[in-house]
Amino acid sequence: MNWFNKLLPSRIRTEGGAKKNVPEGLWTKCSACSAVLYRAEMERNYNVCPKCEHHMRIAARFRLDRFLDEEAREEIGANLKPLDVLKFRDLKKYRDRISQAQKNTGETDALVAIKGKVKGVPLVALAFEFKFMGGSMGSVVGERFVRAANVCLEQNIPLLCFSSSGGARMQEALFSLMQMAKTSAVIARLNRRGIPFISVMTDPTMGGVSASLAMLGDINIAEPHALIGFAGPRVIEQTVRETLPEGFQRSEFLLEHGAIDMIVDRRDMRDKVASLLSILMHQSAA
Amino acid sequence: MNLNFLDFEQPIAELEAKIEELRYVGSDNEINISEEISRLQSKSRELTESIFSSLQSAQIAQLARHPQRPYFLDYVERIFTDFDELHGDRAFADDAAIAAGLARLEGKPVLVMGQQKGRDTREKIRRNFGMPRPEGYRKAQRLFTMAERFKLPLLTFIDTPGAYPGLGAEERGQSEAIARNLLILSQLKTPIISTVIGEGGSGGALAIGVGDRLLMMQYSTYSVISPEGCASILWKSADKAADAAEAMGLTAPRLKELGLVDAIINEPLGGAHRDIDMTAANVKAALLESLETLESVGLDKLLDQRYEKLLSYGNYTE
Numbered sequence: 001m002n003w004f005n006k007l008l009p010s011r012i013r014t015e016g017g018a019k020k021n022v023p024e025g026l027w028t029k030c031s032a033c034s035a036v037l038y039r040a041e042m043e044r045n046y047n048v049c050p051k052c053e054h055h056m057r058i059a060a061r062f063r064l065d066r067f068l069d070e071e072a073r074e075e076i077g078a079n080l081k082p083l084d085v086l087k088f089r090d091l092k093k094y095r096d097r098i099s100q101a102q103k104n105t106g107e108t109d110a111l112v113a114i115k116g117k118v119k120g121v122p123l124v125a126l127a128f129e130f131k132f133m134g135g136s137m138g139s140v141v142g143e144r145f146v147r148a149a150n151v152c153l154e155q156n157i158p159l160l161c162f163s164s165s166g167g168a169r170m171q172e173a174l175f176s177l178m179q180m181a182k183t184s185a186v187i188a189r190l191n192r193r194g195i196p197f198i199s200v201m202t203d204p205t206m207g208g209v210s211a212s213l214a215m216l217g218d219i220n221i222a223e224p225h226a227l228i229g230f231a232g233p234r235v236i237e238q239t240v241r242e243t244l245p246e247g248f249q250r251s252e253f254l255l256e257h258g259a260i261d262m263i264v265d266r267r268d269m270r271d272k273v274a275s276l277l278s279i280l281m282h283q284s285a286a
Numbered sequence: 001m002n003l004n005f006l007d008f009e010q011p012i013a014e015l016e017a018k019i020e021e022l023r024y025v026g027s028d029n030e031i032n033i034s035e036e037i038s039r040l041q042s043k044s045r046e047l048t049e050s051i052f053s054s055l056q057s058a059q060i061a062q063l064a065r066h067p068q069r070p071y072f073l074d075y076v077e078r079i080f081t082d083f084d085e086l087h088g089d090r091a092f093a094d095d096a097a098i099a100a101g102l103a104r105l106e107g108k109p110v111l112v113m114g115q116q117k118g119r120d121t122r123e124k125i126r127r128n129f130g131m132p133r134p135e136g137y138r139k140a141q142r143l144f145t146m147a148e149r150f151k152l153p154l155l156t157f158i159d160t161p162g163a164y165p166g167l168g169a170e171e172r173g174q175s176e177a178i179a180r181n182l183l184i185l186s187q188l189k190t191p192i193i194s195t196v197i198g199e200g201g202s203g204g205a206l207a208i209g210v211g212d213r214l215l216m217m218q219y220s221t222y223s224v225i226s227p228e229g230c231a232s233i234l235w236k237s238a239d240k241a242a243d244a245a246e247a248m249g250l251t252a253p254r255l256k257e258l259g260l261v262d263a264i265i266n267e268p269l270g271g272a273h274r275d276i277d278m279t280a281a282n283v284k285a286a287l288l289e290s291l292e293t294l295e296s297v298g299l300d301k302l303l304d305q306r307y308e309k310l311l312s313y314g315n316y317t318e
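Residue numbers (this note's numbering), protein chains in the order written: chain F, 1 to 286; chain B, 1 to 318.
The shape of chain F in the complex, shown without the other chains (with noise of 0.2 Å):
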């Protein structure tokens, strides 16, 4: 207590017990210029920030309720669940960590695969959930992955990914790095058929994701100022030795530079992909 609060008569003095009648969660920052906003007006604008324009990381269930048409919904390998064969133990015990990210999350791990449509377009849909272990890549997202493009195989239908995450999952040692292989393999057999996969890396999409399904797509999107990226800027900055330029790794270097095709704002997604992929399905204007 300050000297001002013990001036006042007891019953003015709040105790810091004002806040407390304010329902939790009603108002949220944004992460970038800190503007206060009324959290229901966040989601109805996609958790892009309305004053500037920041695109917010966002649940893996949550992007995908709102990129995917309502009706004919179907998901894919919500049953697998991730394994600890290996007994990894760092500071915490992996099985551990595992409980923890699900009862946060609610996911079972940090991929999730739906079949739907998107303006009609018929697809199946991928979303990295980031808050999963930072959305790393281990046997279930492998694996997920691989059932999610045979679907597509099957029934000739475009895949699309929204990426998020740091990179492989190091619990799973080298389970994890073998699951870049795995899921360019599978990559590979879209691209033979001639299905397209459309990639959408959004923030951040680092290490053994960037460096396998992430850059494959037949078409690259980003979301606007991502972090995308091999190795971290932090490492980077270790090995040379110097400080990185502004904007270094971020979706519009990345354009620059031509790794990826165009940068799409959130809101403009659906309306973009459709239009896209109705084109190299031969299909009429969506």
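Hints are supplied without guarantee of correctness; some may be wrong.
Restricting the straight-line Cα-Cα distance to at most 27 Å, the calculated cross-link-like pairs of lysine-lysine (BS3-like) are [said to hold, decoys possible]:
#1 B:256 - F:93
#2 F:92 - B:240
#3 B:240 - F:87
#4 F:103 - B:43
#5 F:93 - B:301
#6 F:87 - B:256
#7 F:131 - B:256
#8 F:131 - F:81
If we take Cβ atoms under 7 Å as the criterion, some of the chain B residues that face chain F in the derived model are [unchecked claim]:
#9 118
#10 150
#11 303
#12 314
Quick caveat, the hints were computed from the structure, so don't treat them as lab data. Given the structure is predicted, the values throughout are model-derived calculations rather than measurements. Using N, Cα and C, we set each Cβ at its ideal position, and we do this for glycine too.
With chain F's structure known, arrange chain B on it following the hints.
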């Protein structure tokens, strides 16, 4: 401390020094000390056997990075004939961290490729410590498809701390270069054998390591991240690298047990650098054996098997 020996080998180094000393004395002395020398030599051998029979993962990681360990071109010289190096990605540069070329294995035409580290400072810098940049992976890509066109089996040798994490590498699309290689290798129409000869450092290693057979030298390592990197992220301290090495199971026997590696190539007592000729002979024998097996399978079946193998990686329940 003797720099030819690693820290855990110092007791061996001391014995070897004693033997050298005796030899020196023996050469300008009339006394016959050969008996004593041979006694010490057998003791040194026993000591080496005992130390090497129970190596920790972190110690194997040290051996895999040993400064005297044979590198890719040391093997090329001993295993192949008519080697001609091919250079450049036809777009930007020639990356010396990956060397590749045409050669013959027992007369048979093949394409060989590997990450190459440098021996002295100048060479180390020129080879970028065996850390390829995108142009290295794109040179590899060009030669993968060439191997397919000319029906040359592809033999790759993995020895890298990882793909280079640099500014230019990111600008030129390190991620895409690696990813594209994984995709191309998964369906390349020629037999592919990859051998981890030293460090198998993550995606930078995998980018030339997807194929039909994965072989590992006895004291090589293969992992998703370096033990130091893993420790600093998960343990919040690079000092825990030994724990991380153990937890990740990056050694050949462990990875064989897990079904991720097809065969282990034995090294001489004390490691590959103690007898490079013998090591190379072991590698050559393993390559010939694997190649014979792969070539007896038809190409279509080989590609199906490769695809099935790639898709089988992983552990999960349903």
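Hint check:
1. B:256 - F:93: This hinted pair holds, its Cα atoms lying about 24 Å apart.
2. F:92 - B:240: holds (14 Å)
3. B:240 - F:87: holds (18 Å)
4. F:103 - B:43: violated (58 Å)
5. F:93 - B:301: With Cα atoms ~41 Å apart, residue 93 of chain F and residue 301 of chain B exceed 27 Å; violated.
6. F:87 - B:256: Holds - the C-alpha atoms of residue 256 of chain B and residue 87 of chain F are around 17 Å apart, at most 27 Å.
7. F:131 - B:256: Roughly 33 Å between the alpha carbons, so the hint for residue 131 of chain F and residue 256 of chain B is violated.
8. F:131 - F:81: Since the Cα atoms of residue 131 of chain F and residue 81 of chain F sit roughly 17 Å apart, the hinted pair holds (cutoff 27 Å).
9. 118: violated (17 Å)
10. 150: violated (21 Å)
11. 303: violated (11 Å)
12. 314: Given a least distance of 3 Å, the restraint on residue 314 of chain B holds.
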